[in-house]
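Going line by line, the protein sequences match chains Y and R.
Following the numbering used here, the numbering of the first sequence begins with 23 at its first residue and continues without gaps.
Following the numbering used here, the numbering of the second sequence begins with 4 at its first residue and continues without gaps.
Warning: the hint list may mix true and false statements.
Stated by the list, open to error - 27 angstroms max Cα-Cα, derived BS3-like pairs, lysine-lysine: (1) 70/R - 37/Y; (2) 37/Y - 105/Y; (3) 84/Y - 73/R; (4) 37/Y - 93/Y; (5) 73/R - 66/Y.
Think of the hints as simulated: they come from the structure by calculation, not from any bench.
Note that this is a predicted model, so its numbers are computed, not measured.
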Amino acid sequence: EAGVAQSPRYKIIEKRQSVAFWCNPISGHATLYWYQQILGQGPKLLIQFQNNGVVDDSQLPKDRFSAERLKGVDSTLKIQPAKLEDSAVYLCASSLGLAAETQYFGPGTRLLVL
Amino acid sequence: GEDVEQSLFLSVREGDSSVINCTYTDSSSTYLYWYKQEPGAGLQLLTYIFSNMDMKQDQRLTVLLNKKDKHLSLRIADTQTGDSAIYFCAEVDTDKLIFGTGTRLQVFP
Numbered sequence: 023e024a025g026v027a028q029s030p031r032y033k034i035i036e037k038r039q040s041v042a043f044w045c046n047p048i049s050g051h052a053t054l055y056w057y058q059q060i061l062g063q064g065p066k067l068l069i070q071f072q073n074n075g076v077v078d079d080s081q082l083p084k085d086r087f088s089a090e091r092l093k094g095v096d097s098t099l100k101i102q103p104a105k106l107e108d109s110a111v112y113l114c115a116s117s118l119g120l121a122a123e124t125q126y127f128g129p130g131t132r133l134l135v136l
Numbered sequence: 004g005e006d007v008e009q010s011l012f013l014s015v016r017e018g019d020s021s022v023i024n025c026t027y028t029d030s031s032s033t034y035l036y037w038y039k040q041e042p043g044a045g046l047q048l049l050t051y052i053f054s055n056m057d058m059k060q061d062q063r064l065t066v067l068l069n070k071k072d073k074h075l076s077l078r079i080a081d082t083q084t085g086d087s088a089i090y091f092c093a094e095v096d097t098d099k100l101i102f103g104t105g106t107r108l109q110v111f112p
């Protein structure tokens with residue numbers, strides 16, 4: 023069974039530029055998560071989708087971050103404009119359903135903002 | 004507030020046992036998880052324990068849960084160099100995972 027796929031693996035941009043990340047969850051997984059992991063810290067949830075609806079985006083900086091999962095499968099996370107403090111690893115995870123279901127993580131996209 | 008705490012570093016000799024500790028805050032967490040992260044990789048689920056259990060063993064891994072003290076530990080028996088990684092504990096809080104800061108395990112020959 024294929025795991026969670028993410029691209030690109032690495033991205034370097036200058037501040038104020040835009041960037042987008044893509045995630046393809048495990049087939050059949052209804053719930054998709056985006057996490058931000060700053061160096062030396064644990065992952066922090068940015069947004070959670072159930073199919074194509076948002077369940078929790080309370081930690082998403084909505085002035086610059088946006089995410090969508092239009093057909094309930096793939097998802098994109100966008101940052102516009104990027105700030106230096108957005109440098110982090112962006113992890114995508116998926117699970118079968120909600121409520122304490124085991125989450126499976128992709129390899130992450132490492133973003134460096136200069 | 005939510006705050007899952009772990010010690011930052013642990014160094015052990017190959018073949019010894021490693022014990023990684025975690026203190027969590029939400030007594031209503033139904034599951035508690037241990038994830039492993041190798042350099043440049045995502046998080047790999049190692050094991051989890053249901054909150055009504057106090058111990059779970061899975062090959063070289065033993066998880067101990069003390070609900071009274073909100074303390075979780077992961078014991079790795081016969082630690083190998085391939086076990087060198089960052090280990091995260093996580094608790095469930097209203098359908099989302101709250102991760103600790105991670106413990107970097109270094110295994111030396």
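Against the 27 angstroms threshold, does the CA-CA distance of residue 37/Y and residue 93/Y hold or violate the hint?
Distance of about 31 angstroms is beyond 27 angstroms: violated.
For a C-alpha distance cap of 27 angstroms, please report whether residue 84/Y and residue 73/R respect it.
Violated - the C-alpha atoms of residue 73/R and residue 84/Y are around 34 angstroms apart, more than 27 angstroms.
Checking one constraint from the list: CA of residue 70/R to CA of residue 37/Y, max 27 angstroms. Satisfied?
violated (45 angstroms)
Holds or violated: residue 37/Y to residue 105/Y, with C-alpha atoms at most 27 angstroms apart:
holds (5 angstroms)
Against the 27 angstroms threshold, does the CA-CA distance of residue 73/R and residue 66/Y hold or violate the hint?
holds (21 angstroms)
In summary, the structure is inconsistent with hints 1, 3 and 4 from the numbered list given earlier, while agreeing with the others.
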